[in-house]
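**Student:** So you can see what is in the structure, the chains are spelled out below.
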Amino acid sequence: MTNKIKGPSSIKTYREAINDALRQEMRRDPRVIILGEEVSGGAGCEGQDDAYGGVFGVTKGLMPEFGRERVIDTPISESAIIGAAAGAANNGLRPVAELMFFDFIGVCFDQIFNQAAKFRYMFGGKSRTPMVIRGTVGAGWRAGAQHSSMLHPVVTHIPGLKVVMPSNAYDAKGLLIQAIRDDDPVLFLEHKIMYDLKCEVPDEAYAIPFGEAAFPREGTDVTIVAISNMVHRAIQAADELAKEGISCDVIDPRTVSPLDEESILESVEITGRLVIVDEAHERCSLAADISSIVAEKGFSSLRAPIRKVTAPHAPVPFSPVLEDAYVPSVERIIRAVKDVLGA
Amino acid sequence: MPYDSAFLLRAYRTMKTIRIFEERCIKEFEAGNVPGFVHASNGQESIAVASCIDLSDTDIIGSTHRGHGHSIAKGCDVIGMMKEIMGKATGLCKGKGGSMHIADFDKGMIGANAIVGGGQPLCNGAALASKTLGTKDIAMSFGGDGSANQGTVLESLNFAVVLKLPHVFMFENNGYGEGTGANYALGCDSLADRNRAFGMPSEYVDGTDFFATYEVCKRAIAHARDGKGPFAIEAETVRFDGHFIGDPQLYRGKDEIKLAKKNRDCIKIFRDRVIKEGWLKAEEMDAIDTEVIALIETAVKEGLAAPNPDPETDLMADVYCSY
Ligand SMILES: Cc1ncc(C[n+]2csc(CCOP(=O)(O)OP(=O)(O)O)c2C)c(N)n1
Ligand SMILES: [Mg+2]
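Each protein sequence line maps, in turn, to chains A and B.
Under the numbering used here, read the first sequence as residues 1 to 343, first letter to last.
Under the numbering used here, read the second sequence as residues 1 to 323, first letter to last.
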């Protein structure tokens with residue numbers, strides 16, 4: 001990644017970067033609280049407090065620093081968690097609620113899309129809902145159909161929700177800080193396969209504005225737009241293709257709502273060719289959405305049909321061989337790039 | 001003798017099958033042969049068996065993420081289960097489900113469930129079908145102490161009372177939802193009391209005592225089958241392993257598991273009781289142990305040797321619509 005870092009920095013994992021963002025914002029602003037299942041762990045138990053710090057260890061160490069009043073372990077009650085976060089946000093707090101697996105929005109969707117998402121507009125601009133919902137998304141953990149979904153298209157469809165999908169530790173920290181400071185509901189989606197990925201992260205707090213894409217590879221032959229963990233596969237594909245003299249422009253939108261349409265259109269203006277890589281299903285998806293934006297607003301730049309590389313129209317299968325075939329692979333991206341080049 | 005020996009031997013064999021199955025799952029997980037998230041139910045065998053031993057194949061159970069024991073108790077093929085847990089093509093769900101999604105409709109097992117509180121509403125539906133069709137089958141849902149706080153479960157309790165559904169709600173209180181104490185997450189003093197407040201009979205039982213649990217289940221099942229509506233049971237038990245296999249369990253007390261294994265092992269308690277009462281001989285049960293160990297050994301061998309699904313044909317099989 002080509003982030004120009006000034007000042008002290010360190011190599012951090014995606015997990016540590018998110019933890020860092022939470023800690024710094026909680027130190028800065030006493031209105032920031034965390035609530036969710038096992039965000040600390042050990043409540044009402046004989047053994048160790050802070051036993052989990054989130055099932056993926058992301059919030060570890062925050063309860064010992066900020067106390068159980070600000071890092072709140074809840075019962076298994078997702079509707080109540082999200083509703084409490086939204087109501088608290090309306091009333092002076094800046095909650096960060098955790099859905100252990102984002103698949104659990106199934107249990108609490110009303111509080112997200114019918115409540116939090118609509119308040120500002122429906123109440124004539126008089127209500128603010130500065131809340132963040134963190135959740136893990138994606139396949140690759142052999143976690144089966146109910147713990148592996150990519151549901152960002154579902155929430156991206158809804159007006160009133162901002163949807164953030166960082167692909168690396170640097171972006172995760174900056175975007176989470178922005179999300180916490182934002183006055184609207186933000187869904188912050190962490191791909192569970194990336195928690196141990198490392199990169200250089202500034203020690204100080206910094207915010208990355210929403211709606212600004214990143215450009216992990218620059219090129220002129222084909223534009224590849226990739227989201228979340230797929231960014232890494234797109235980069236791998238681009239590096240492979242570079243050896244064959246094919247130059248790819250890899251775009252990571254970082255936030256899918258708002259979406260940096262301009263950067264995508266500008267890139268396609270140069271390349272004339274577009275491949276979109278997303279781990280969600282294809283129908284009514286972000287891939288379909290970006291494809292339609294480019295077809296409408298960048299039609300004259302296109303020199304080949306747009307190609308989408310997505311998961312199939314099926315739930316995530318458990319069996320490792322099936323799950324591996326389910327997730328878009330580097331090979332499929334390479335094939336799509338060659339297709340649009342007629343190579 | 002209040003129980004005939006065939007019944008006692010069957011109860012013992014089933015509990016032991018669950019125990020050895022779970023212990024072997026842990027081993028195979030550690031050896032890298034079982035992928036994903038696996039939640040073992042060792043320690044809780046008596047509840048699964050007491051709940052299911054009188055049910056027929058057309059009675060329905062709905063299970064949880066910790067569902068191996070319920071599946072075995074309801075008669076699911078352990079070899080098919082092991083293959084499923086290993087993600088193999090010949091597993092009970094063709095390797096598509098895994099540990100958290102085992103189902104066997106021929107045995108009235110409508111699914112483990114990876115969503116806490118996912119199963120109770122579905123069991124209301126099974127009970128409604130039975131009531132509407134007049135089949136006299138009952139539904140039994142399993143849930144943990146943690147699941148008792150889920151909105152879907154609280155709605156289902158009231159719904160079952162209002163519609164007078166033949167549904168037995170079995171709550172296994174093992175003291176924990178993941179790493180959170182039940183005494184923290186349940187705001188009430190007694191789950192059994194809370195469930196009673198919904199307007200149905202509700203009882204507390206020591207779930208480590210197979211016989212006590214069986215007697216409550218028998219009453220609950222008869223109540224549901226007689227058309228008197230739902231019944232709730234809170235059975236207190238112990239989880240011998242982690243929330244999931246590999247859980248470091250830092251939240252548990254020092255020596256807690258060691259003491260539980262010594263004093264609250266439901267299979268040991270069963271054995272001691274039937275020997276003391278003179279209902280069974282130790283040798284009869286030892287012989288079963290040998291058979292069960294051999295069966296699980298076969299399940300693992302067959303599981304390891306079973307073919308993987310074929311992405312070409314299996315990835316897109318059984319979708320509702322394809323593109
Ligand atoms: C809707 C939902 N929320 C959270 C989880 C994560 N989760 C899985 S099991 C579990 C604890 C369940 O506790 P309990 O009901 O007591 O069952 P036990 O694990 O003790 O058998 C949690 C929080 C989930 N799978 N589904
Ligand atoms: Mg429990």
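Since the hints were derived computationally from the structure, they do not count as laboratory data.
One or more of the hints may lead you astray.
[Said to hold, decoys possible] Calculated lysine to aspartate or glutamate pairs in the EDC-like style (CA-CA distance at most 20 Å, straight line):
id, chain 1, residue 1, chain 2, residue 2
1, B, K218, B, E30
2, A, K60, A, D49
3, B, K268, B, D209
4, B, K254, A, E46
5, B, K228, B, E215
6, B, K268, B, E283
7, A, K338, A, E261
8, B, K301, B, E30
9, A, K308, A, E261
10, A, K243, A, E331
11, B, K258, A, E46
12, B, K254, A, D49
13, A, K297, A, E331
14, B, K261, A, E46
15, B, K94, A, E218
16, B, K262, A, E46
17, A, K60, B, E30
18, B, K164, B, E203
19, A, K126, A, D184
20, A, K4, A, E218
21, A, K243, A, E261
[Stated by the list, open to error] Restraint-style ranges between C-beta atoms, simulated for each label pair:
id, chain 1, residue 1, chain 2, residue 2, range
22, A, F123, B, D189, 35 to 43 Å
23, B, G151, A, R28, 49 to 57 Å
24, B, G187, A, Y121, 56 to 64 Å
25, B, A305, A, P305, 42 to 50 Å
26, B, D54, A, P258, 52 to 60 Å
27, B, G151, A, Y121, 22 to 30 Å
28, B, G187, A, E65, 34 to 42 Å
29, B, R225, A, K126, 51 to 59 Å
We put the beta carbon where it would ideally sit given N, CA and C, even for glycine.
**Student:** None of the hints should be skipped; say for each whether it holds.
**Tutor:** Right, here's what the structure says about each hint:
no.	hint	result
1	K218/B / E30/B	violated (38 Å)
2	K60/A / D49/A	holds (10 Å)
3	K268/B / D209/B	holds (10 Å)
4	K254/B / E46/A	holds (8 Å)
5	K228/B / E215/B	holds (18 Å)
6	K268/B / E283/B	holds (14 Å)
7	K338/A / E261/A	violated (24 Å)
8	K301/B / E30/B	holds (16 Å)
9	K308/A / E261/A	holds (17 Å)
10	K243/A / E331/A	holds (15 Å)
11	K258/B / E46/A	holds (14 Å)
12	K254/B / D49/A	holds (13 Å)
13	K297/A / E331/A	violated (29 Å)
14	K261/B / E46/A	holds (17 Å)
15	K94/B / E218/A	violated (44 Å)
16	K262/B / E46/A	holds (19 Å)
17	K60/A / E30/B	violated (25 Å)
18	K164/B / E203/B	holds (18 Å)
19	K126/A / D184/A	holds (12 Å)
20	K4/A / E218/A	holds (16 Å)
21	K243/A / E261/A	violated (29 Å)
22	F123/A / D189/B: 35 to 43 Å	holds (40 Å)
23	G151/B / R28/A: 49 to 57 Å	violated (34 Å)
24	G187/B / Y121/A: 56 to 64 Å	violated (35 Å)
25	A305/B / P305/A: 42 to 50 Å	holds (46 Å)
26	D54/B / P258/A: 52 to 60 Å	holds (59 Å)
27	G151/B / Y121/A: 22 to 30 Å	holds (26 Å)
28	G187/B / E65/A: 34 to 42 Å	violated (27 Å)
29	R225/B / K126/A: 51 to 59 Å	holds (56 Å)
The structure does not agree with the numbered hints 1, 7, 13, 15, 17, 21, 23, 24, 28 stated previously, though it agrees with the rest.
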